[in-house]
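*Asks:* Using numbering that gives the first Met the number 0, the letters of the sequence shown map in sequence onto residues 0 to 344.
Fair warning: there could be bad hints in the mix.
In silico DSSO-like links for lysine-lysine, alpha-carbon gap of 30 Å or less [what the hints assert, rightly or not]:
id, residue 1, residue 2
1, Lys269, Lys198
2, Lys330, Lys253
3, Lys315, Lys143
4, Lys269, Lys330
5, Lys13, Lys143
6, Lys226, Lys192
7, Lys233, Lys192
8, Lys253, Lys226
9, Lys233, Lys330
10, Lys13, Lys119
Hints are computed from structural coordinates only; laboratory data are not their basis. All of these numbers come straight from a predicted model, not from anything done at the bench.
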Amino acid sequence: MSPYSGIRTLQLVKVSFLVTFLVVLPRLVGYLNVVDMGTGYFSGVTLSDILLRIAVYFGFSLLLLEIHVNGHRIFPEIKRLYRLIGVYAITILLVWAITELFRFLYPKVVEMGPGDTIPKYVEIIFILLAIILIFISSIINLQKARHDKILENAELKQQNLQKELSALKNQVNPHFLFNSLNSLSALVRDNDKASTFVKNLSFLYRYILQSGDLDLVTVHEELRFLKSYMELIKVRYGEKISFNITVNDELMPKQIPPLALQLLVENAVKHNEISDKYPLEINLFSSTENLVVENRIRPRKSLVQSGGVGLSNLDKRYHLLMGHHIRIKKKEGIFRVELPIFDKR
0 MSPYSGIRTL QLVKVSFLVT FLVVLPRLVG YLNVVDMGTG YFSGVTLSDI LLRIAVYFGF
60 SLLLLEIHVN GHRIFPEIKR LYRLIGVYAI TILLVWAITE LFRFLYPKVV EMGPGDTIPK
120 YVEIIFILLA IILIFISSII NLQKARHDKI LENAELKQQN LQKELSALKN QVNPHFLFNS
180 LNSLSALVRD NDKASTFVKN LSFLYRYILQ SGDLDLVTVH EELRFLKSYM ELIKVRYGEK
240 ISFNITVNDE LMPKQIPPLA LQLLVENAVK HNEISDKYPL EINLFSSTEN LVVENRIRPR
300 KSLVQSGGVG LSNLDKRYHL LMGHHIRIKK KEGIFRVELP IFDKR
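I would like the entire structure built from these sequences, with the hints used as guidance.
*Replies:* Below, the structure is given as structure tokens:
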């Protein structure tokens, strides 16, 4: 759920009607002569006067609430500061326009005697009404932000539950697996490559289990895991695949979602041809606020069944955890993914 989700117009209609009713209530009481106290001032109020005010106040209230509550729909691509300036500029213009409209309609709708005049201080009424509506809009926006936050937390919990369920479906008993890996390591102790492979596999599995309960890990931890994963990949492809890692040391304590880099490397291996003629080179480097993974696009001749779910899920995790989206770019035969970094300090 986006933090900029809108409030439905029906809800704003209800609020506008309530505000209109409260503003017109004194005149309505005077017209109906329900109570004696305070009715003298409104004793000359006519039904057409009340109906006109209801229509104008209601339209003004609904427009103003729509602008202040759902202003991001009017200025979707503008920065918040400029959007606020635009919203308040429209508010001032709307107060002036509705005042002039009221003055124009009043003598045409309300029967006026020879000595009657258009009500005074009309602009004051609309200014005060605008202030009240802006205050109400602020309350609605706070409630909306709180509601959206609750939905985001619920969605994040659901994503974590799905991740845990997926892990449970794919994992075997950890103790059995680690005991088996230790036994295998003892059997291949004299074979350096096989022994290294088993140790890397054991480390990878342990990291996956430990990070299953974590939303974020440090860049240092993720890179350590990624290097072990790359060693496993090189066992299969040898010199047909290469990895270049250049990450600023200052970024090591910062955080990213676990297994994010591994997913990007796996994605590159899965979708690109890897051969003596077309070796795959994967570059991982850092910019000011991002980790960047890129590779040249050489699609496999045998099509790989993929719906882009991995990148889509990673983007959703990023948005739920950090409020940012990953950036995916395809340009000049290069596939590039930029991962924002979270500074925990």
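*Asks:* All hints, please: hold or fail.
*Replies:* Hint check results:
no. : hint             : result
1   : Lys269 to Lys198 : holds, 24 Å
2   : Lys330 to Lys253 : holds, 28 Å
3   : Lys315 to Lys143 : holds, 21 Å
4   : Lys269 to Lys330 : holds, 19 Å
5   : Lys13 to Lys143  : holds, 16 Å
6   : Lys226 to Lys192 : holds, 15 Å
7   : Lys233 to Lys192 : holds, 11 Å
8   : Lys253 to Lys226 : holds, 18 Å
9   : Lys233 to Lys330 : holds, 27 Å
10  : Lys13 to Lys119  : holds, 29 Å
Of the numbered hints given earlier, the model fails none.
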